[in-house]
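**Q** Residue numbers (this note's numbering), protein chains in the order written: chain A, 20 to 394; chain B, 12 to 459.
I should point out that these hints are in silico values taken from the structure, not numbers from a laboratory.
Among the hints, erroneous ones may be present.
With a cut-off of at most 20 Å between alpha-carbon atoms, the simulated EDC-like pairs for lysine to aspartate or glutamate come out as follows [claimed, not checked]:
| # | chain 1 | residue 1 | chain 2 | residue 2 |
| --- | --- | --- | --- | --- |
| 1 | A | Lys115 | B | Asp395 |
| 2 | B | Lys388 | A | Glu162 |
| 3 | A | Lys65 | A | Asp294 |
| 4 | B | Lys390 | A | Asp158 |
| 5 | B | Lys288 | B | Asp453 |
| 6 | A | Lys93 | B | Asp414 |
| 7 | A | Lys28 | A | Asp104 |
| 8 | B | Lys382 | A | Glu162 |
| 9 | B | Lys33 | B | Glu106 |
| 10 | B | Lys309 | B | Glu344 |
| 11 | B | Lys379 | A | Glu162 |
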Amino acid sequence: MSEQAHLVKVTIDNITIEVPAGTTILNAARIVGGDVTPPAMCYYSKLEGSGGKCRTCLVEVSKGSEKDPRPMPKLVASCRTTVMDGMEVKNITSEKVIDARNGVVEMLLINHPLDCPVCDQAGECDLQDLSYGHGNSADSRYEFPRRTFERHDLGPYIQLHMTRCILCYRCVYTADQLTQSREHGVLDRGDHAQIATYIEKSLENDFIGNVIDVCPVGALTDRTFRFKNRVWFLKPMNAHRDCPKCSGKVTLWNRGDEVYRVTARKNEWGEIENDENGKTAWICNECRFEKKKTSDWVIEGPREISRKSVISANHYLKVEEPQNVLPEVMGGRNPKLLMDIHDVSDVNKPNIHLSEIQGPSTSQTFEDNSNINPQ
Amino acid sequence: MKKLLLENDHIEGIRYFDAYRKNGGYRSVETALKLSPDAVVEEVKKSGLRGRGGAGFPTGMKWSFLAKPEGVPRYLVCNADESEPGTFKDRYLMEFLPHLLIEGMIVSSFALGSNRSYIYIRGEYAWIVDILEQAIAEAKQNGFLGKNILGSGFDCEIYVQRGAGAYICGEETALIESLEGKRGNPRIKPPFPAVKGLWDCPTVVNNVETLAAVVPIINMGGEEYAKIGVGRSTGTKLISACGNINKPGVYEIDMTISVEEFIYSDEYCGGIPNGKKLKACIPGGSSVPILPANLLLKTAKGETRYMNYESLADGGFASGSMMGSGGFIVLDEDQCVVKHTLTLATFYRHESCGQCSPCREGTGWMEKILKNIEHGKGKLSDIDLLWDIQRRIEGNTICPLGDAAAWPVAAAIRHFRDEFEWHVLNPEECQRRNYGLAGYADPIHVPV
Numbered sequence: 020m021s022e023q024a025h026l027v028k029v030t031i032d033n034i035t036i037e038v039p040a041g042t043t044i045l046n047a048a049r050i051v052g053g054d055v056t057p058p059a060m061c062y063y064s065k066l067e068g069s070g071g072k073c074r075t076c077l078v079e080v081s082k083g084s085e086k087d088p089r090p091m092p093k094l095v096a097s098c099r100t101t102v103m104d105g106m107e108v109k110n111i112t113s114e115k116v117i118d119a120r121n122g123v124v125e126m127l128l129i130n131h132p133l134d135c136p137v138c139d140q141a142g143e144c145d146l147q148d149l150s151y152g153h154g155n156s157a158d159s160r161y162e163f164p165r166r167t168f169e170r171h172d173l174g175p176y177i178q179l180h181m182t183r184c185i186l187c188y189r190c191v192y193t194a195d196q197l198t199q200s201r202e203h204g205v206l207d208r209g210d211h212a213q214i215a216t217y218i219e220k221s222l223e224n225d226f227i228g229n230v231i232d233v234c235p236v237g238a239l240t241d242r243t244f245r246f247k248n249r250v251w252f253l254k255p256m257n258a259h260r261d262c263p264k265c266s267g268k269v270t271l272w273n274r275g276d277e278v279y280r281v282t283a284r285k286n287e288w289g290e291i292e293n294d295e296n297g298k299t300a301w302i303c304n305e306c307r308f309e310k311k312k313t314s315d316w317v318i319e320g321p322r323e324i325s326r327k328s329v330i331s332a333n334h335y336l337k338v339e340e341p342q343n344v345l346p347e348v349m350g351g352r353n354p355k356l357l358m359d360i361h362d363v364s365d366v367n368k369p370n371i372h373l374s375e376i377q378g379p380s381t382s383q384t385f386e387d388n389s390n391i392n393p394q
Numbered sequence: 012m013k014k015l016l017l018e019n020d021h022i023e024g025i026r027y028f029d030a031y032r033k034n035g036g037y038r039s040v041e042t043a044l045k046l047s048p049d050a051v052v053e054e055v056k057k058s059g060l061r062g063r064g065g066a067g068f069p070t071g072m073k074w075s076f077l078a079k080p081e082g083v084p085r086y087l088v089c090n091a092d093e094s095e096p097g098t099f100k101d102r103y104l105m106e107f108l109p110h111l112l113i114e115g116m117i118v119s120s121f122a123l124g125s126n127r128s129y130i131y132i133r134g135e136y137a138w139i140v141d142i143l144e145q146a147i148a149e150a151k152q153n154g155f156l157g158k159n160i161l162g163s164g165f166d167c168e169i170y171v172q173r174g175a176g177a178y179i180c181g182e183e184t185a186l187i188e189s190l191e192g193k194r195g196n197p198r199i200k201p202p203f204p205a206v207k208g209l210w211d212c213p214t215v216v217n218n219v220e221t222l223a224a225v226v227p228i229i230n231m232g233g234e235e236y237a238k239i240g241v242g243r244s245t246g247t248k249l250i251s252a253c254g255n256i257n258k259p260g261v262y263e264i265d266m267t268i269s270v271e272e273f274i275y276s277d278e279y280c281g282g283i284p285n286g287k288k289l290k291a292c293i294p295g296g297s298s299v300p301i302l303p304a305n306l307l308l309k310t311a312k313g314e315t316r317y318m319n320y321e322s323l324a325d326g327g328f329a330s331g332s333m334m335g336s337g338g339f340i341v342l343d344e345d346q347c348v349v350k351h352t353l354t355l356a357t358f359y360r361h362e363s364c365g366q367c368s369p370c371r372e373g374t375g376w377m378e379k380i381l382k383n384i385e386h387g388k389g390k391l392s393d394i395d396l397l398w399d400i401q402r403r404i405e406g407n408t409i410c411p412l413g414d415a416a417a418w419p420v421a422a423a424i425r426h427f428r429d430e431f432e433w434h435v436l437n438p439e440e441c442q443r444r445n446y447g448l449a450g451y452a453d454p455i456h457v458p459v
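Excised from the complex, chain A in its bound form (with noise of 0.2 Å):
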């Protein structure tokens, strides 16, 4: 009974939920899903007291509670806002949010670089996720200069290049959060604030590799992997190693029997999974940045990964057919075929599977059998 007690119900874009007491807004539209949830740029669930900067989780309450039904006045930040019993939420049924969160898009690109074609991040990037989902159109508004920073390395491993930032400020709960002394922080104010060390110096911490993951844009990255591939050339596999450190419960992003980069794994609303224990399984600086060879680990097989950007184009497992229009558009027709591409060429058997072929495909591995994964 008790229990039962602390459910509250709440009504997200008309789908009804229970969820137990003090869930934000947020939270509870997760557990819907889809297109009901919130986009959150500054908001982590797992680093406390992130959130409500960033505005894109922006919802309406159209009804407070059952106590008290009155709308709030304003739209709220629904990462940080918790849910009342008999609450009414209007995500993308109010005109208001969509309106809202389409300026906040275009608050965000002005003074980003939109350097995708060079950028690490390219492809598992909120803010390209968030453009694609919510922007306006391609052409900007914005006619000025974009605000630079010189790009700085934090030591060997990390290299921040602030042009990017979107200042959710994760970086820096995470470094709070996670190591003993944060030696990095918010300088300045406004649309001068930077994240910085002040003194130019690295950070030494064992675990301050974790802010390249939390980071939703390509401001930190890990300088083992700049500029060595696209990720999603990459093919992830789940792995782990003993680590007297961390969990060692990572990600290895491989091309062949390269491991590129090594990350903490992630789920869908690209936060890091917990441990067996209900623990953040964020890594170490050894697990992720020197250990870069397949021999250091134990595959545990490839990884899905759910999220809707470019990196999902290359799911190894459960591919998304893209929705063929075509029949559609031509009215009923299917477009005639030509040639089948797989007639004249040895590559891309469509019979086999990709995720069963281990190491660099050419050609010859579709001939010869013997290679191919049993599974």
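Based on these hints, arrange chain B on the given structure of chain A.
**A** Relative to chain A, chain B alone:
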């Protein structure tokens, strides 16, 4: 009109304890300590005193919201981080009557049960810190601060903390963060400071003038105080008048006089110098909407506008403004509204804390567009773009700084759009001369 706050400001040596005490100072402490804390709160509630920092929230109600959990200290913080362009009333009060603030703080601390109270003062007011600290030392010597004040068993200490030059630290939660020694970023509310404020303890943050007003309320009684003024604008209000007027300065008014009287009478601003005409005015500090002369003196309904909370806000933002913090800025016919708006936009761009994206990016964007228009490089579409940007900042930010940055731009475009358009269409002429009075001072048409 009888002055309540600035009654004795002309007396020599009133800055020091002896003269202040001789002229009836610290009577309210003696009265209050004989009452119960709740009775003091009740008096303030009865007085109808509204927060003098800008928002005008009823002080008694704010005090009664203070959570009182067992075994947790409560704090009173005086917000002396007066940084709004055009507002300098608290500076005058603290500089010339420091004991009035200390007295008000002792009474308020007693009412709220705060044994350690803080004055968070703007860093630029460096010399006032010394004045306040001397006043605190004197009060302590004479038994009005410290342990067991006047044998009542109530202990209170007051500390002065200097800010480091940030407008945003005048926002109450940013002020608390700064007071704790952190970066002055506003907190996300709820929880409100009344529940979780300074060091996670219940806290009340009040403006200097609000706390000073507690002294006459206790001396004359809440009901008597409520009789002064009109409607829900009770008591007296300090107005810091500046701009194109003959007598800039800090005036105490009882909120029954009209705006016209305030600007033109010799008792107050003394009219506009060199026989110029009134063009526009910001009645309550830089963040409230600017009004053209015709809407300032008369409301949209054709009624006389008075210097009080309700009358200044009459007509909402469409044709009204706000009392704000009482920073009264007058612009005569030689002033350029575009340039003026640019100055304010530059200020808000510089002072935005950079925490939330609409304010961080939007304030800079607005400044750049305004700079273009001011320098004759603007386009007509820029005016609509400005409107769109301010609309997307307003109400979408953590703290009211976003609104404060958006309102002046919105009001300038709402009332002075023709001046903006003239700037765009006459890029060379606008560098040489001002648009002038146009029709801003013409009588407004009142539909019958």
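**Q** The structure should be examined with respect to each hint, and the outcome stated for every one.
**A** Each hint, compared with the structure:
Restraint check for Lys115 (chain A) and Asp395 (chain B): satisfied, since their Cα atoms lie roughly 19 Å apart, inside the 20 Å limit. The straight-line distance between the Cα atoms of Lys388 (chain B) and Glu162 (chain A) is roughly 12 Å, inside the 20 Å bound, and the hint therefore holds. For the hint linking Lys65 (chain A) to Asp294 (chain A), the alpha-carbon distance of about 12 Å falls within 20 Å, and the restraint holds. The hinted pair formed by Lys390 (chain B) and Asp158 (chain A) meets the criterion: a straight-line CA distance of about 17 Å does not exceed 20 Å.
Between Lys288 (chain B) and Asp453 (chain B) the alpha-carbon distance is near 11 Å, which keeps this suggested pair within the 20 Å criterion. Of the pairs offered as hints, the one joining Lys93 (chain A) and Asp414 (chain B) holds, with about 12 Å between alpha carbons and a cut-off of 20 Å not exceeded. Note on Lys28 (chain A) and Asp104 (chain A): the hinted pairing holds, with a Cα-Cα distance of about 5 Å set against a maximum of 20 Å. Between Lys382 (chain B) and Glu162 (chain A) the CA atoms are separated by roughly 13 Å; this keeps the pair inside 20 Å, and the hint holds.
For the suggested pair Lys33 (chain B) and Glu106 (chain B), the alpha carbons sit about 19 Å apart, so the restraint of at most 20 Å is met. Pair hint Lys309 (chain B) plus Glu344 (chain B) holds up; C-alpha atoms about 18 Å apart against a cutoff of 20 Å. In summary, the hint linking Lys379 (chain B) to Glu162 (chain A) is supported, as the alpha carbons are separated by about 10 Å, within the 20 Å threshold.
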